[in-house]
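S.K.: Given next are the chains, with one letter for each unit.
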Amino acid sequence: MNLGPHADFILAAYAATAFIVAALIAWIALDYSAQRRLLGDLEERGMRRRSHRRDGA
Amino acid sequence: MPVIDLANPTRFLRIVARVLPWLIAATALAFAFGLARAVTAPDDYQQGATVKIMFLHVPAAWLGMMGWGLMSLAALGTLVWRHPLADVAGKAAAPIGAAFTLICLITGSLWGRPTWGAYWVWDARLTSELVLFLLYLGVLALYWTAEDPGRGARAAAVLTLVGAVNLPIIKFSVDWWNSLHQGESIFRTGGSTIDASILWPLAIMALAFTLLFFTLHLAAMRNEILRRRVRTMQIMQAQEQPA
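Quick note, the sequences are listed as chains C and V, same order.
In this text, residue positions in the first sequence follow the numbering used here: the first is 1, and each later residue adds one.
In this text, residue positions in the second sequence follow the numbering used here: the first is 1001, and each later residue adds one.
One should not assume that every hint holds.
What the hints assert, rightly or not - From chain V, some residues computed to sit far from chain C (all C-beta separations above 12 Å):
{"#": "1", "residue": "ILE1053"}
{"#": "2", "residue": "LEU1073"}
{"#": "3", "residue": "SER1109"}
What the hints assert, rightly or not - So the derived list for chain C, only partly shown, Cβ under 7 Å to chain V, looks like this:
{"#": "4", "residue": "LEU11"}
{"#": "5", "residue": "PHE19"}
{"#": "6", "residue": "ALA22"}
{"#": "7", "residue": "LEU30"}
{"#": "8", "residue": "LEU39"}
{"#": "9", "residue": "LEU42"}
{"#": "10", "residue": "GLU44"}
{"#": "11", "residue": "GLY46"}
{"#": "12", "residue": "MET47"}
Said to hold, decoys possible - Listed next, with one range per pair, are the computed distances between beta-carbon atoms:
{"#": "13", "chain 1": "C", "residue 1": "GLY46", "chain 2": "V", "residue 2": "THR1010", "range": "19 to 25 Å"}
{"#": "14", "chain 1": "C", "residue 1": "PRO5", "chain 2": "V", "residue 2": "VAL1121", "range": "17 to 23 Å"}
{"#": "15", "chain 1": "C", "residue 1": "PHE19", "chain 2": "V", "residue 2": "ALA1025", "range": "30 to 36 Å"}
{"#": "16", "chain 1": "V", "residue 1": "THR1145", "chain 2": "C", "residue 2": "GLY46", "range": "17 to 23 Å"}
{"#": "17", "chain 1": "V", "residue 1": "PHE1033", "chain 2": "C", "residue 2": "PRO5", "range": "42 to 48 Å"}
{"#": "18", "chain 1": "V", "residue 1": "ARG1151", "chain 2": "C", "residue 2": "PHE19", "range": "56 to 62 Å"}
{"#": "19", "chain 1": "C", "residue 1": "GLU44", "chain 2": "V", "residue 2": "VAL1165", "range": "22 to 28 Å"}
{"#": "20", "chain 1": "C", "residue 1": "ILE25", "chain 2": "V", "residue 2": "ALA1036", "range": "17 to 23 Å"}
{"#": "21", "chain 1": "C", "residue 1": "GLY46", "chain 2": "V", "residue 2": "ARG1082", "range": "17 to 23 Å"}
{"#": "22", "chain 1": "C", "residue 1": "TRP27", "chain 2": "V", "residue 2": "GLY1150", "range": "37 to 43 Å"}
{"#": "23", "chain 1": "V", "residue 1": "HIS1083", "chain 2": "C", "residue 2": "ILE25", "range": "23 to 29 Å"}
{"#": "24", "chain 1": "V", "residue 1": "ARG1113", "chain 2": "C", "residue 2": "PHE19", "range": "45 to 51 Å"}
If you're looking for bench data, these hints aren't it; they were derived computationally from the structure.
Predicted model, so just to flag it, every value in this text is computed and none were measured.
Where is the CB? At the ideal position from N, CA and C, for every residue including glycine.
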């Protein structure tokens, strides 16, 4: 594939997009792990949400 | 299932768990197909191979605007109907919309240098797109820095609705003002002026980016619901501890 005289601009555009999308995916995945871990810690310490308490769960 | 059932966060999380793997698979498939078509698409007769930047730039621009449109609907849901998931949807969409707008600005700049001879010009389309990015940053600042999440959400909703005025300005800027940016060439009366050999890869990439947007949005909404549960339980824990 020949990208011509402006190959640097084309490759930079694809690299920048890949970097931003990868950063966004990583941030959301890490945030999910962090929230799951925090919830797990709280539940281990016996904390339950009010709705679960009402149900007697 | 009635739509109103989606207002229940627990039920919403169950739906997300079921839908997300399929959305991830569809997004990956669409990107594989779209990128293969983008790589093999012919060069433009005027712009040469730099037209390949369009396959990133145009979908990112659409989704940056769509993100704000989605946030505007969510803002109405927050302020008018007080829908329990509206604020969650708005807050989750903001960083994703900001990221797509940033991609649009960077790829546009990299496309502009070989095409116009400049990375940036204070043109109506470019400037209104930059304003959109700054509005995204403003909304994110309101969401992330407010001590009371409820007040932060209402302030962000108001800014979102005010900022929605910018959407038609972006869309019609190339018609209203003399612009270096090219005019509408896809959705226009009389049909697209882009050849099918370039239009199809663009359509598939737009579908891939749209699927990516909704995949990330659902995942971010799930995170936000979990964050609110953690916050509620931490407050309850603090209240239960002896003084």
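S.K.: Are the hints correct? Go through all of them and say.
M.R.: Verification of the supplied hints:
no., hint, in the structure
1, ILE1053, "5 Å, violated"
2, LEU1073, "21 Å, holds"
3, SER1109, "9 Å, violated"
4, LEU11, "9 Å, violated"
5, PHE19, "10 Å, violated"
6, ALA22, "11 Å, violated"
7, LEU30, "10 Å, violated"
8, LEU39, "6 Å, holds"
9, LEU42, "5 Å, holds"
10, GLU44, "11 Å, violated"
11, GLY46, "9 Å, violated"
12, MET47, "5 Å, holds"
13, GLY46(C) <-> THR1010(V): 19 to 25 Å, "20 Å, holds"
14, PRO5(C) <-> VAL1121(V): 17 to 23 Å, "22 Å, holds"
15, PHE19(C) <-> ALA1025(V): 30 to 36 Å, "23 Å, violated"
16, THR1145(V) <-> GLY46(C): 17 to 23 Å, "32 Å, violated"
17, PHE1033(V) <-> PRO5(C): 42 to 48 Å, "29 Å, violated"
18, ARG1151(V) <-> PHE19(C): 56 to 62 Å, "34 Å, violated"
19, GLU44(C) <-> VAL1165(V): 22 to 28 Å, "49 Å, violated"
20, ILE25(C) <-> ALA1036(V): 17 to 23 Å, "21 Å, holds"
21, GLY46(C) <-> ARG1082(V): 17 to 23 Å, "32 Å, violated"
22, TRP27(C) <-> GLY1150(V): 37 to 43 Å, "24 Å, violated"
23, HIS1083(V) <-> ILE25(C): 23 to 29 Å, "27 Å, holds"
24, ARG1113(V) <-> PHE19(C): 45 to 51 Å, "19 Å, violated"
Checked against the numbered hints above, the structure breaks hints 1, 3, 4, 5, 6, 7, 10, 11, 15, 16, 17, 18, 19, 21, 22, 24 and satisfies the rest.
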